[in-house]
Amino acid sequence: MRKDVRRRLLILICVIAITLIVLMLLNAFDETMKPEAFNYYIDKAMDETEMPNIVTAIYLQYRLFDTLFEALLLSVAVSAVVYFAAAWEKEEGDIENE
Amino acid sequence: MNERADHSEILEDILLFIYPLIILFGIFVIVTGVTQSGGGFQGGAVLVAVLMCRYLVYPDDMLGLNAIKKTDKIVLILILVLGVGAILIGFSNLPQYIKNIYNMVIGILIGIRVSSGLSVIFYTFADIEGGD
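From first to last, the protein sequence lines stand for chains D and B.
Note that this note's numbering numbers the first sequence so that position 75 is 75, with each residue one more than the last.
Note that this note's numbering numbers the second sequence so that position 116 is 116, with each residue one more than the last.
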């Protein structure tokens, strides 16, 4: 059997095994979490924050750090893309020069 | 001359007609995001569609990439300053009209930030793929 076929078969078996385990785990427990945060936000978000809607209240008040760091995360992604693109282009140029 | 310079005129005409609609829709989504569905992230992503369309029509012309990068950085700093400032001042004690202005301003800033960030990513990839 060729090497890449064997590798693909192995990956397939792993994926099927993981799927089966996840499905079994999903059905193994019937506990559900109480939606406490959900109820809290629905009940109190409007009074506490005085925002026009609950989604805005959550992403600009309760989860403000999340919003800020999400903006920062996009920055990191942009920096990474620009950096790797520059490095990749330089590498291409070096190969062409040789 | 780029190999894709022989673009379709039909595409060009239709996209020129669609540009203002996309821009209007993006601004609408950003501005109404405070009170209705939508928001800065979504509106910003809609606005990037304009640059993508523009790239389809004029692949050689990267519209002010350096200016977009600079905008990206300035707006990020503004968002961080406003956000951290709001926490330090104590946002919930502020009067209602300042809160409304703050929500609107930070929504618009996030919109600009997402659109400029995604534009830089798009242009960088477009430059790599279309450059050779």
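The set of hints was computed from the structure by calculation and includes no laboratory data.
Note that the structure is a prediction, hence the values are computed from the model and not measured.
Beta carbons: idealized from backbone N, C-alpha and C, even for Gly.
A hint or two may mislead.
[Unchecked claim] List time: in silico DSS-like cross-link candidates among lysine-lysine, alpha-carbon distance up to 27 Å: (1) B:K73 - B:K99; (2) D:K90 - B:K99; (3) D:K44 - D:K34; (4) D:K44 - B:K99; (5) B:K69 - D:K90; (6) B:K73 - D:K90.
[Said to hold, decoys possible] According to the in silico footprint, chain B covers these stretches of chain D (three or more CB under 8 Å from chain B): (7) 26–34; (8) 71–81.
Verification of the hints:
As the CA atoms of K73 (chain B) and K99 (chain B) are separated by approximately 25 Å, the hinted pair is consistent with the 27 Å bound. Simply put, K90 (chain D) and K99 (chain B) have alpha-carbon atoms about 48 Å apart, too far for the 27 Å limit, and the pair is violated. This hinted pair checks out: K44 (chain D) and K34 (chain D) have alpha carbons roughly 17 Å apart, not beyond 27 Å. For the proposed pair K44 (chain D) and K99 (chain B), the alpha carbon gap of about 18 Å is at most 27 Å, so the pair holds.
For the proposed pair K69 (chain B) and K90 (chain D), the alpha carbon gap of about 20 Å is at most 27 Å, so the pair holds. This hinted pair checks out: K73 (chain B) and K90 (chain D) have alpha carbons roughly 24 Å apart, not beyond 27 Å. Chain B is given as covering the segment 26–34 of chain D, and this is violated because 0 residues of the stretch bring a CB closer than 8 Å to a CB of that chain, at least three being needed. Counting residues of the segment 71–81 of chain D whose CB falls under 8 Å from any CB of chain B gives 7; the rule of at least 3 is met.
In the structure shown, a violation is registered for the earlier hints numbered 2, 7, in ascending order.
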